[in-house]
Amino acid sequence: MNNYKINKNKSSLSTEQVLKHKDFNKLLHEYKGVYNYKTATKPFYKNIKFLGIIVLVCTVALVVMVVDKEEDEQPKEVKKKEEVIKQVPLPITPASDTVTQITTETATISKKKEQPKKSVVKKDNIIVEDPSGIVVPDEPKNTMPVQETKEKPKREVEIKNNDKPFYKKSLDLE
Amino acid sequence: MAFTTHQTKEEIEQELLIIERAKKNPERFAPLYDKYYKLIFFFIHRRTDEEELTADLTSQVFLKAIVNLPGYQFKGFPFSAWLFRIAINEINQFFRNKKNTRAISLEDDGVGRLREELDESSQHDEEQERLLMESFTYLEQDEVQLLELRFFEDRAFKEVGYLLGITENNAKVRTYRVLDKVKRIMKEQRRK
Chain A
1 MNNYKINKNK SSLSTEQVLK HKDFNKLLHE YKGVYNYKTA TKPFYKNIKF
51 LGIIVLVCTV ALVVMVVDKE EDEQPKEVKK KEEVIKQVPL PITPASDTVT
101 QITTETATIS KKKEQPKKSV VKKDNIIVED PSGIVVPDEP KNTMPVQETK
151 EKPKREVEIK NNDKPFYKKS LDLE
Chain B
1 MAFTTHQTKE EIEQELLIIE RAKKNPERFA PLYDKYYKLI FFFIHRRTDE
51 EELTADLTSQ VFLKAIVNLP GYQFKGFPFS AWLFRIAINE INQFFRNKKN
101 TRAISLEDDG VGRLREELDE SSQHDEEQER LLMESFTYLE QDEVQLLELR
151 FFEDRAFKEV GYLLGITENN AKVRTYRVLD KVKRIMKEQR RK
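Chains as they are written, first to last, in my numbering: chain A, 1 to 174; chain B, 1 to 192.
Isolated chain A (complex conformation) (with noise of 0.2 Å):
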């Protein structure tokens, strides 16, 4: 049972006795309070810099993650090319093809005069002319394809017994 004051037909309030707690500066007044109250205890996560400064992080970390990634990616793929192109052999070539008359005169290198070379020949895929006419090409023990490197030509330096540098010259005793 729930205990109720049951008014009949009860004379309400006059009107002066209403208006007299009206007021609306203290109510103006009031809401001030309230509104400083609200912007004051306004919790940091509704902060609107806050959220923006959060946004601008979170794009920076993944745009950095996504760069990162991409470099990883591309060495893995450099490395991969390297293995196939280690699983598979290359064809050996017939010496006909590759090397054309290739004497021992121009495979060996003269020790006395450096000349310029073009290329650089492999002592595994030098070709030995067998004096019979029958050419026998060396195993390639390597199956990359020979690469032609460019060499500075060396300057030569011809350096005559007499020309001595002057400082020789002055500790000459002879």
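Source of the hints: derived by calculation from the structure; they are not laboratory data.
The model shown is predicted, which means the values in this text are computed figures rather than measured ones.
A few of these clues could be false.
Coverage of chain B stretches by chain A, computed from C-beta distances (three or more under 8 Å per stretch; other residues unrestricted) [what the hints assert, rightly or not]:
| hint | region |
| --- | --- |
| 1 | 35-42 |
| 2 | 58-64 |
| 3 | 131-139 |
Heads up, simulated DSBU-like pairs for lysine-lysine below, C-alpha to C-alpha not over 35 Å straight-line [said to hold, decoys possible]:
| hint | chain 1 | residue 1 | chain 2 | residue 2 |
| --- | --- | --- | --- | --- |
| 4 | A | K5 | B | K172 |
| 5 | A | K42 | B | K23 |
| 6 | B | K99 | B | K181 |
Computed far set for chain B versus chain A, every beta-carbon distance over 12 Å [claimed, not checked]:
| hint | residue |
| --- | --- |
| 7 | E20 |
| 8 | D154 |
| 9 | E168 |
Glycine residues also receive a C-beta, built at the ideal position from the N, C-alpha and C atoms.
Starting from the known structure of chain A, arrange chain B on it as the hints suggest.
Showing chain B alone in chain A's frame:
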């Protein structure tokens, strides 16, 4: 005192203009405060029957109204309905927190409407009226509130639904359930 406000289209439009101004500047809320203060005061006083308490609750209602005014949207009901809704919530919260006795204010018109609905219009004796008053004590506060809004303040079900935050149909169903409960209680009281 009539608690339902019937407004023409022009009046509603003018009021909406004032509300829009008040949303931008709370000091412009004064015309609305002046217009509805008395209405809200009487609405609360009928349920509390204490002048000072009513004044406090009324000021709380207007404070909440001015704070939440930016979120107000016209939904086909006058601005006063929105204020009544805030007032109902304030009253309910007050009686939930404090153990004060809630008041029920009745007028002959309201009692007449309720008795018509209870099919007891033929019996006008004092005994029947006493039984009706007694039956209120067996009702919960939300049930009494429905009877107050519908019969003692003569509101439409649509408005009752809006004020209680329920649909019109739900307001109807609940009201008729309360009426059935009152009938049952009165029958039991008669047997005793």
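Contradicted hints - numbers only: none
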